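When we follow the numbering used here, the leftmost residue of the sequence shown carries the number 108, and every step to the right adds one.
Since the hints were made in silico from the structure, they are not lab data. Fair warning: this is a prediction, and the values are worked out from it, not measured in the lab. Heads up, some of the hints might be wrong.
Straight line, CA to CA, 20 Å or less: simulated EDC-like cross-link-like pairs of lysine to aspartate or glutamate [as the list claims (entries may be wrong)]:
hint, residue 1, residue 2
1, K621, E606
2, K509, E487
3, K559, E606
4, K559, E570
5, K252, E237
6, K404, E623
7, K498, E334
8, K559, E487
9, K621, E406
10, K227, E491
11, K306, E556
12, K252, E280
13, K533, E501
14, K329, E235
15, K533, D513
16, K252, D284
17, K306, E406
18, K329, E315
19, K502, D466
20, K509, E555
21, K509, E523
Ranges between beta-carbon positions, derived for each pair [unchecked claim]:
hint, residue 1, residue 2, range
22, P664, K502, 23 to 29 Å
23, P664, V298, 35 to 41 Å
24, H619, P344, 44 to 50 Å
25, P664, G582, 58 to 64 Å
No residue lacks a Cβ here, since even glycine has one placed at the ideal position from N, Cα and C.
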Amino acid sequence: MCGGAAWQIDVDDGFVEPPGAGAGFERKQLGQGESAGGHAPNLEKMPARHTVAVVPLLVGLSKNRQHIGRPFVGSGYSMTVKIRDGGRESKRRFGLNLLLRTPAFRVGKRLLIMQRTLVKDALHSRTERESLLVQGWVRTRRDSKGFSFVELNDGSCLANLQVVVDAGASGAEQLADFTTGASAVVEGKLVPSPASGQKWELHATRLELVGRADASYPLQKKGHSLEFLRTIAHLRPRSNLFGAIFRTRSRLAFTVHQFFQQRDFVYLHTPIITASDCEGAGEMFRVTTLPGKSEDKPEADFFGRPTYLTVSGQLEAEAFACALSNVYTFGPTFRAENSNTARHAAEFWMIEPEMAFCDLAGDMALGEEFIKAMARFILEQCSEDLALFAKFVEKGVIERLKFVADRPFVRVPYAEAVAILQQCGKQFELPVGYGLNLQSAHERFLTEEHFKAPVTVFNYPREIKPFYMRLNDDGMTVAAMDVLVPGVGEVIGGAQREERLEQLRENLKYRHLKPEDYQWYLDLRRYGTVPHAGFGVGFERLLMFLTGVANIRDVIPSPRTPGNAAF
Numbered sequence: 108m109c110g111g112a113a114w115q116i117d118v119d120d121g122f123v124e125p126p127g128a129g130a131g132f133e134r135k136q137l138g139q140g141e142s143a144g145g146h147a148p149n150l151e152k153m154p155a156r157h158t159v160a161v162v163p164l165l166v167g168l169s170k171n172r173q174h175i176g177r178p179f180v181g182s183g184y185s186m187t188v189k190i191r192d193g194g195r196e197s198k199r200r201f202g203l204n205l206l207l208r209t210p211a212f213r214v215g216k217r218l219l220i221m222q223r224t225l226v227k228d229a230l231h232s233r234t235e236r237e238s239l240l241v242q243g244w245v246r247t248r249r250d251s252k253g254f255s256f257v258e259l260n261d262g263s264c265l266a267n268l269q270v271v272v273d274a275g276a277s278g279a280e281q282l283a284d285f286t287t288g289a290s291a292v293v294e295g296k297l298v299p300s301p302a303s304g305q306k307w308e309l310h311a312t313r314l315e316l317v318g319r320a321d322a323s324y325p326l327q328k329k330g331h332s333l334e335f336l337r338t339i340a341h342l343r344p345r346s347n348l349f350g351a352i353f354r355t356r357s358r359l360a361f362t363v364h365q366f367f368q369q370r371d372f373v374y375l376h377t378p379i380i381t382a383s384d385c386e387g388a389g390e391m392f393r394v395t396t397l398p399g400k401s402e403d404k405p406e407a408d409f410f411g412r413p414t415y416l417t418v419s420g421q422l423e424a425e426a427f428a429c430a431l432s433n434v435y436t437f438g439p440t441f442r443a444e445n446s447n448t449a450r451h452a453a454e455f456w457m458i459e460p461e462m463a464f465c466d467l468a469g470d471m472a473l474g475e476e477f478i479k480a481m482a483r484f485i486l487e488q489c490s491e492d493l494a495l496f497a498k499f500v501e502k503g504v505i506e507r508l509k510f511v512a513d514r515p516f517v518r519v520p521y522a523e524a525v526a527i528l529q530q531c532g533k534q535f536e537l538p539v540g541y542g543l544n545l546q547s548a549h550e551r552f553l554t555e556e557h558f559k560a561p562v563t564v565f566n567y568p569r570e571i572k573p574f575y576m577r578l579n580d581d582g583m584t585v586a587a588m589d590v591l592v593p594g595v596g597e598v599i600g601g602a603q604r605e606e607r608l609e610q611l612r613e614n615l616k617y618r619h620l621k622p623e624d625y626q627w628y629l630d631l632r633r634y635g636t637v638p639h640a641g642f643g644v645g646f647e648r649l650l651m652f653l654t655g656v657a658n659i660r661d662v663i664p665s666p667r668t669p670g671n672a673a674f
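Hey, can you work out the whole structure from these sequences and the hints?
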């Protein structure tokens, strides 16, 4: 049971019969004097909003063993809970095993079951709380004469809740096992803290050790390198930094959906297994059930043809955009690229909107609006975790995000961008030239030094872009665009799609691709074709930009890179 309320269970009416109950069971309700265990908190001081009425509670009686004052324990036992919140009423069903693991208090004809309060909610409480239950992991413990101070964290926020334990607290004899990494349940009174830097502390009345952590626990109170933490990827979420990273990742994912939903985009689940090579680069993971050389008889394979893990959901998204107007995908993609750089992973997540009746200008406008919205969200809604990034990851990350959020984007054609780089007088490690892809150092120079603003580069040479991009009237460039930001370089790549049937056929021929492999894609140009455009955002690369984290391995829970799939 989650949240910060208490459940009031009326035991006067109704019962739930154990599954399969027959002659071996009798039905019995809790009598008025029977105890449900635990100790009673001061209910008079508990706000009314923290209680809800529920029905019914039952007790099973076995002929061989009586269970007085608590429900019979069994995997199938459950109760229906009626929740009244103001004028609204709803029902939920709970297993009795779950309820029995929660502290319960008998009060007259009611059974009060305490619910867990998250550390973040305790720390942001507006008032003292007479009775509070928290669950989490011990970060540190220090002992003083007659007292111990335990720092408890449950991952809900960066800060810990300080728990003050004296020798009279129930369970205080277990304190020696409250070592770093151990898990615990603590009940107590939330009171103002006299210590500086924290508003509240919990004076424990009862504590319980849930899981011990022995002396080999690797996350002790000291600094750890990112390289070391990657070797314990199953434990690194418990560190301050990675807790902050993955909370930010979660909130950002929600915001991505919110951004598109507010603009009437339809969320689309595109296939993970595909027969199409969207990028035409051939760096795809083969999916097969055939032993040996699966390419010898592809028709005998599971799907009757060669199939792969997708590199992009774009082509399928185009099909739906040509019916639903505006759609977006947000899911995992895969690249079998043998690269060990800090910016590449074999498995990553992509955000890909597609818009019907949209050209390159509209595509650029949405991409720029998206990046600004993400920067503003992190600045406004993730301030605590962002402060950690600014202190320990990249000192200038907050200023960089404000830079992007506040300044209009500069738009520059690719040819002009190359000319600027060639004439700037700066020596780059990798060459600059027309017909070559811009590298991260080139992109950062344009944003950080030359324009001093976010930059959108557009109209790239045809030969360095995929077949699906619309050929411009000059016959040499395509209506492609990349959105560049300081500190990272490219975060968005997109284009207006080629909507003309004959030109798309010619593009496939130019790329030495077989038209029969893209027959359904060509059909979109036969039946009611429209100008349309879209872009892709690597979710991990977006996170790197927003947090300042320099390596993609550190913004994804279980990184998949060449030679690495351990966790």
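Status of each hint after checking the structure:
1. The suggested pairing of K621 with E606 holds, with an alpha-carbon distance near 18 Å, which does not exceed 20 Å.
2. The suggested pairing of K509 with E487 holds, with an alpha-carbon distance near 11 Å, which does not exceed 20 Å.
3. Of the supplied pair hints, the one linking K559 and E606 is violated, its CA atoms being roughly 35 Å apart against a limit of 20 Å.
4. Pair hint K559 plus E570 does not hold up; C-alpha atoms about 29 Å apart against a cutoff of 20 Å.
5. Under the criterion of a C-alpha separation no larger than 20 Å, the hint pairing K252 with E237 is inconsistent with the structure, at around 25 Å.
6. Distance restraint check for K404 and E623: the Cα-Cα separation of roughly 18 Å lies within the 20 Å cut-off, and the hinted pair is therefore satisfied.
7. Distance check on the hinted pair: K498 and E334 sit about 19 Å apart at the alpha-carbon level, within 20 Å; holds.
8. Between the alpha carbons of K559 and E487 the distance comes to roughly 23 Å, so the proposed pair goes past 20 Å and is violated.
9. With a C-alpha separation of about 17 Å, the suggested pairing of K621 with E406 holds against the 20 Å cut-off.
10. With a C-alpha separation of about 11 Å, the suggested pairing of K227 with E491 holds against the 20 Å cut-off.
11. Between K306 and E556, the direct Cα distance comes to roughly 44 Å. Violation of the 20 Å bound is thereby established for this hinted pair.
12. Between the alpha carbons of K252 and E280 the distance comes to roughly 15 Å, so the proposed pair stays at or under 20 Å and holds.
13. Straight-line distance between C-alpha atoms of K533 and E501 comes to about 25 Å, which puts the hinted pair past the 20 Å bound.
14. Our distance criterion of 20 Å between C-alpha atoms is broken by K329 and E235, whose separation comes to about 33 Å.
15. Proposed proximity of K533 and D513 is contradicted: the alpha carbons are some 28 Å apart, above 20 Å.
16. Between the alpha carbons of K252 and D284 the distance comes to roughly 18 Å, so the proposed pair stays at or under 20 Å and holds.
17. Note on K306 and E406: the hinted pairing is violated, with a Cα-Cα distance of about 67 Å set against a maximum of 20 Å.
18. The hinted pair formed by K329 and E315 fails the criterion: a straight-line CA distance of about 26 Å is larger than 20 Å.
19. A C-alpha spacing of about 38 Å is found between K502 and D466, which places the hinted pair above 20 Å, so the restraint is violated.
20. For the given pair, K509 sits about 13 Å from E555 by alpha-carbon distance, which is consistent with the 20 Å threshold.
21. Of the pairs offered as hints, the one joining K509 and E523 is violated, with about 27 Å between alpha carbons and a cut-off of 20 Å exceeded.
22. Our hint of 23 to 29 Å for P664 and K502 holds, since their Cβ atoms are close to 26 Å apart.
23. For P664 and V298, the hinted distance range of 35 to 41 Å is satisfied, since their beta carbons lie about 37 Å from each other.
24. Distance hint check for H619 and P344: the Cβ-Cβ separation is about 45 Å, which falls inside the suggested range of 44 to 50 Å.
25. Hint check: P664 to G582, Cβ distance near 46 Å, so the stated range 58 to 64 Å is violated.
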